[in-house]
Every structure is written in structure tokens, then in C-alpha cells.
Amino acid sequence: MSFLSYLITGISLGSIYAIIALGYTMVYGIAKMLNFAHGDVIMVGAYVCFFAMAGLSGQMEAGSLAAAVVPQVAGVLLAMVVCTILGVVIEGLAYKPLRQAPSLAVLITAIGVSWFLQNAAQLLWGAAPKNFTSIVSGAVSLADGTLNISYVTMLTVVTCLVIMVGLTTFIGKGKMGKAMRACSEDKAAAQLMGINVNATISVTFAIGSALAAVAGVLMCSAYPTLMPTTGALPGIKAFTAAVFGGIGSIPGAFLGGLLLGIIETFTKAYISTDLSDAIVFLVLIVVLLVKPSGLLGRFVPEKV
Amino acid sequence: MSGKTKTLRVRKTTVNALINYAMVIVVFAATQILIGQGAISNTIQSMLVPVCCYVVMAVSLNLTVGILGELSLGHAGFMSLGAFSGIIAATLLQDAVPAAPLRLAIAMVVGGVFGGVGGVIIGLPVLRLRGDYLAIVTLAFGEIIKNVIQVLYIGLDENGLHFATKEANLALSETGKAILKGPMGATGVAKLASFTAGFLLILITLFVVQNLVDSRAGRAILSLRDNRIAAESVGISVTKYKLMAFVISAVLAGAAGALYGLNYSSTVASKFDFNTSILVLVYVVLGGLGSIRGSIIAAAVLTLLPELLRNGAINDYRMLIYAIILILVMLVTNNPTLRGGVDMAVKRIRGIGKKEQTEGGAQ
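Protein chains in written order, with our numbering: chain A, 1 to 304; chain B, 1001 to 1363.
Within a straight-line C-alpha distance of at most 25 Å, the following computed DMTMM-like cross-link-like pairs (lysine to aspartate or glutamate) qualify:
no., chain 1, residue 1, chain 2, residue 2
1, A, K291, B, E1232
2, A, K130, B, D1316
3, B, K1240, B, D1214
4, A, K291, B, D1132
5, A, K32, B, D1226
6, B, K1271, A, D274
7, B, K1191, B, D1095
8, B, K1181, A, D274
9, A, K187, B, D1132
10, B, K1177, A, D274
11, A, K96, A, E185
12, A, K32, B, D1132
13, A, K268, B, E1167
14, A, K32, A, E185
15, B, K1177, B, E1167
16, B, K1191, B, E1307
17, B, K1166, A, D274
18, B, K1181, B, D1095
19, B, K1271, B, E1167
20, B, K1271, B, E1307
21, A, K175, A, E185
22, A, K96, B, D1343
23, A, K96, B, D1132
24, B, K1191, B, E1167
25, B, K1181, B, D1157
26, B, K1181, B, E1158
27, A, K96, A, D186
Note that these hints are calculated values from the structure, not bench results. None of the values given here were measured: they were computed from a predicted structure.
When you get a sec, could you build the whole thing from the sequences and use the hints?
What follows is the structure, given as C-alpha cells:
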């Protein structure tokens, strides 16, 4: 039974990685840049939700149904709105002027933004960790109490599936999605076809950042320590997941995130807690050496 | 003597290299004089060895990123290998080599060798990959090195070195001493590092990197950066030259790591994480890709800047200011519109200066 419970923990952790990785992979696919500030947007989202919930639940009548639902829903929505605005503003101020610049310049700017967000958070909210209250509490007990699944775990997995299906439909069917695919294929040609490339990139950042807010809230519900550097390591791991699945590919990010979460949980459970990061990264390296463009990535041949 | 050329001709690259040596020597001499006069605060004095380490790190990373043209996000991993192997070597030789400078030199050589071995192990598989994939794999290797050192326990007694993954398993004799204690890192290290050693390491690094770039091998490396396919088609071995640049870079980083590790009485593996790699990368990019002098200046100034900002009202905001400066510099240097504006402003200021000069001259 412990195998099953580890598997569920792994899927839940993997779902969080997958949601974050989707943000990385969409931005990479369209803007061809590694947005290292993505992990810190997660942290901002979690903080916004934390303060919104704390503020609202104080004003609610204790014990009423509204008190159990409104602060959480409002917190998540507010976090999504704030992060969406934040993502678009970051893109407009820091990345848009560098559209023609070499990719390394954009990478360093993204690192600058990441430091800015971490330090701004530290000034605004302090360096001391906050204890995040889970948005849903409780758990179901199955198989005579040997298998406990918390509601947060279920919510995480369901949210991830919904996002995955929604995003695939949006990109596969909608007009905006078509524009995104066109931009990722060839920006110049897309512009000639009348697609507003800048607007498309902004929308990509908006979606990615809203997803980051969701991921931040879900992550802090499962692992409740919240501080200015909370987003950094999950950000790197999710980036790894995106590369693992083939960066630029949406199903790849989903698969990569899920596998990474499961591998990490199983290594922690069966091999070594201390070495789990090393083993996760080792698996990544082996995969990339065997399949250099990631699991589901496309191989683009080089031309002279 | 040929007798044909009467004027001594020095090539531009040689002049550039000589300027770099001269700059480092002058700054070192000036700093020593200022220290002698007591004009440099203790805080800044304690920063001198780390500054030297970061200068070497930046120059060596510039070899990989600027000159070879491959993005590496795991340079701190080599520093880590060098730091801990250097600490262990220095502790082993405590009795055999009583002279501290010699022990430091041996430790730095050992650090360099370990860094280089790491470079070969990582470079061989990694250099097959390209672009962002290469970057992520170097990142992964850096994290693996950090993680492995965090679980490693190494102790020393009269029977030699003991390795284990738990402190209890070290099985040391009563006189034995644990050098490396997993997440606690290396503690009780004898501080051997000195500013002079750092200065010499910078000179050696400059000598190695500048002569490499200005050699046949260096030109092969540059051609790989500029156009890999064209270089390959004229018979340049991609693996050989890529690995050469990568390993030399790793050796230098290892030596810098040994110096860094021996500058503190305790060092933890988490010091050499992704953020340190990124920090060095920032020095390289801000100094200018491929520019050795830029790397030296950027590393020295940016290592000292947060310390210099550490006073008065801006203390709380110093890292925020640092981040904003970083973003603004990247925007101004890379955006054509902003760059044009800055160039115009510079021209105008220079123009005014010239005008005043000529007017002054007329009077």
C-alpha cells in the first residue's frame, strides 16, 4: 500500500511541476527565451493568495459556509490576476526591448528580474518564512486507513488535468492558439500574415503567469513553507521537467513534470532522501544523452 | 636580428594581453600600498581573496561562454570540486609540508586537477548537445556535484582517508578527524589563502587563457564558435577543441575553488550552487563576452559593489538596486533604440567638452 501512496504523492508533486513547466515551455516555444523569473512569479502568487486569505477570513463570520469558500476562491483569483498583470508588465518592460538581442542577454535580464522579485518580496513581506494555510483541508481515508489521500492532492491532480486539456484545446482550436503556433514556427512569416506578434507573446506570458499563480497556491498548500526564495528550486526543477519532456512541447511539459515528480518521490522513498536531487538530475542527463531533444521534442536539423 | 625591420612592431593582441597583465599588477601594487597605509577597511580586506577567486572564475567561464560560445550554468560545480579536494589535500599535507605557501600551491594544483577531471567527465557527454540543452545539462551536473558533496563524509586518521555517507560509518580512530561532514561542509580548515596567492593565480590564468586564444588551438576554438559547420568542413575536430576549452576552464575554476575554500575556516557545499554559477555568468556577460579585461573588471567591481553599498540608508535596498542596475545595463546595451539614445547623449557631452576645450584654447 505504501507503493500506491508514494505513487499518489509523486503524481501530485509531478502535477505541480507540470503546471509550472507549461509556463516555461510556452514562453520558450514562442519567445525562444528561458524565463528564469518564472519561479519567482510562483512565489508572488503564493504570497498574494496568502495575504488575501488572511485578510478576508478575518472579516468573515466564523463557521459559516461563506467563510470556508470565499477567502480561498478570492485568494486564488486575486493571485491569478496579480500574476497575470505582473507577467505582462515584466514582459513589456524587460523582455520586449530585447526581442532582437542575443539570447544570452535576455537570459541575464531574466535573472535580473528574478533577483528583483526575490529582493522586492523580501523587503515587502520579510525574509521570515510564513506558514501557508492550505486552501482545502482534510483527507479521505481508503482501504481501512492505510491509504490517505488529502483533498489538496486530488485538487492538484484534477487542476493539472483541467489545465492540460484546456490549454491543448486553446492552442489547437482557437484563433489565438493558431497565432501562437504560427509565431513559434516563424515569427517573421507570422507577422507577414497579419498576426500581431507582440500581442501574441504578451498573451503567452499572461497565460504562463496565471498558471504560475495556480501552481504557487497548490504547491504551498501541499508544502506550506512560504518565503521569498520558495519559487527558486521548484522553478529550476520545473525547467528541468520542461527540457526532459522536450522544451517547446506542451504534452512534453506535462509528461516531463509528471515523470520528474514520480521519480523524485520514489527516489526519496526507496533509494535516498539526501541524494534525490542528484538522481533526478542524473536521469535527466541520461535521457538527454539518449534523446538530445527531450522525450517529445522535435528534432530540428541544422542547415548551413 | 633580421635588420630589415627597424621599428619594433607589436601585434594588437599582444598589446591587449600586456595591458591586462599591467592592469592587474598595478591594482595589486596599489592595493598593497593602501593596505600598508591602513587606508583599506577590514571588510574590504577580507574581500580581496574572494575577489581574486571570482576574477579567475569569470575569466575561465569566459573561455567557455565567450570564446567557445557554449552556455555553461554549472561553473560553480568545478569550483566546488576544487575547493573540497584542495581542503582535503591541504589537511593531508599538514605535517608533511610545513610551509604554508607551498601547501597552498599544492592544494591549488590538486584543486585544478580535480576540476579538470570533472571537466573531462562532464565535457565528454555534454559537449555533444547544443544550445539550451547543453546549458541545462551543465546546470544539472552542478547540482549533482553539490548534492553528492552534501552527503559525503570524509575523515582522516593515521590509517589514511576514510569515506562514508554517514558520520558514524567513518570508523575513525581516536586521533582521527572528520574533514568533510556532509551538509555541515568542511570545518576547522586552516586558512592558508592570501591576497598574493590570488594575485599570482590571476596572472597564471591570464597567461593560460590569453596564450590559448592567441594560438592555433585558440583560433580553432573561435572558428567553432563563429560557425561550427564551416569549421568542421575544413577539418577542425569539434570534440577535441571544445573539450580542450571546457577542461582548461574547469581546471582554472578548480584552482580558484581551492583558493576560495582555504580562505575560510568552514565551507559548505551549498555555497557553490546554481546562484553562484549565475553570478559568475553575470560578470562575464556584463564584462562583455569574449573580453578578458571586461571579465576581470566586472568580477572585481561587482564582487565589491554589494559590500560598498552596505552602509546607511541603502543597506536594505542594495540587492534590489543591484538587480535593477543589472536589468538596466542589459536593456541599454542590447536595445537598439536605447543604445542609440545613449550614444547620442555621449556624443553630445563629448561635443560640449570639445567645444569648451577649443574655446579655452582660443583664449
